[in-house]
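Residue numbers (my numbering): 8 to 173.
The reader is advised that the hints may include incorrect statements.
Said to hold, decoys possible - List of simulated lysine-lysine pairs, DSS-like, C-alpha gap at most 27 Å:
(1) Lys28 to Lys163
(2) Lys163 to Lys88
(3) Lys115 to Lys163
(4) Lys152 to Lys115
(5) Lys152 to Lys19
(6) Lys28 to Lys152
(7) Lys163 to Lys152
(8) Lys86 to Lys28
(9) Lys163 to Lys80
(10) Lys156 to Lys115
Source of the hints: derived by calculation from the structure; they are not laboratory data.
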Amino acid sequence: MTKRIGSVATAKTAVCLRGPKGVNAALAALTGGDRDLASLLEAAQVRTQNAAADLAERSGGTQYPTLDIYCEKVVNSLKEKFRRFSGSLQMAIEIRHSQDRLEGTEEKLELYADAAAQSLDTARGDWGDGMFYAGGYEIAFSGVKRGGKNYVQSAKITFEIEVSRN
Numbered sequence: 008m009t010k011r012i013g014s015v016a017t018a019k020t021a022v023c024l025r026g027p028k029g030v031n032a033a034l035a036a037l038t039g040g041d042r043d044l045a046s047l048l049e050a051a052q053v054r055t056q057n058a059a060a061d062l063a064e065r066s067g068g069t070q071y072p073t074l075d076i077y078c079e080k081v082v083n084s085l086k087e088k089f090r091r092f093s094g095s096l097q098m099a100i101e102i103r104h105s106q107d108r109l110e111g112t113e114e115k116l117e118l119y120a121d122a123a124a125q126s127l128d129t130a131r132g133d134w135g136d137g138m139f140y141a142g143g144y145e146i147a148f149s150g151v152k153r154g155g156k157n158y159v160q161s162a163k164i165t166f167e168i169e170v171s172r173n
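Using the sequences and the hints given, assemble the complete structure.
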């Protein structure tokens with residue numbers, strides 16, 4: 008049952024990020040529609056998987072930036088006595104950005120992270136299937152390193168979804 012809950016939450020998060028109030032809408036608002044600052048994401052760039060960057064690159068066809076969405080942790084704390092599952096899911100959105108020049112890598116990554124966070128802000132509330140996102144998230148940035156098109160940097164957004172199911 009816990010595997011199904013994590014998969015459903017991952018799919019709902021992907022719908023949220025790909026939807027009309029998702030990352031592309033937030034990017035357009037943040038950049039004023041200037042495509043030189045940040046390019047809009049295609050559906051293939053928003054993936055529901057937890058794969059290391061080097062493995063994703065080796066599998067071929069990686070187009071940057073990428074947003075990988077996955078469930079990190081499932082906690083059934085039985086907050087509600089007579090439910091089969093009553094607890095929380097810790098979700099993650101890992102954003103990877105790569106370019107051939109070191110200059111500007113961090114700024115573009117921060118722009119994509121801001122857009123993903125803004126789309127989460129607009130998605131607060133009932134997600135259906137007994138899932139509720141109250142808001143709040145944490146963003147952690149890694150250092151720039153070799154990879155991708157020459158340089159790659161990632162940001163990880165973590166947030167919790169409350170779940171109550173029979």
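Please name the hints from earlier in the document that this structure breaks, with their numbers sorted from lowest to highest.
2, 5, 6, 8
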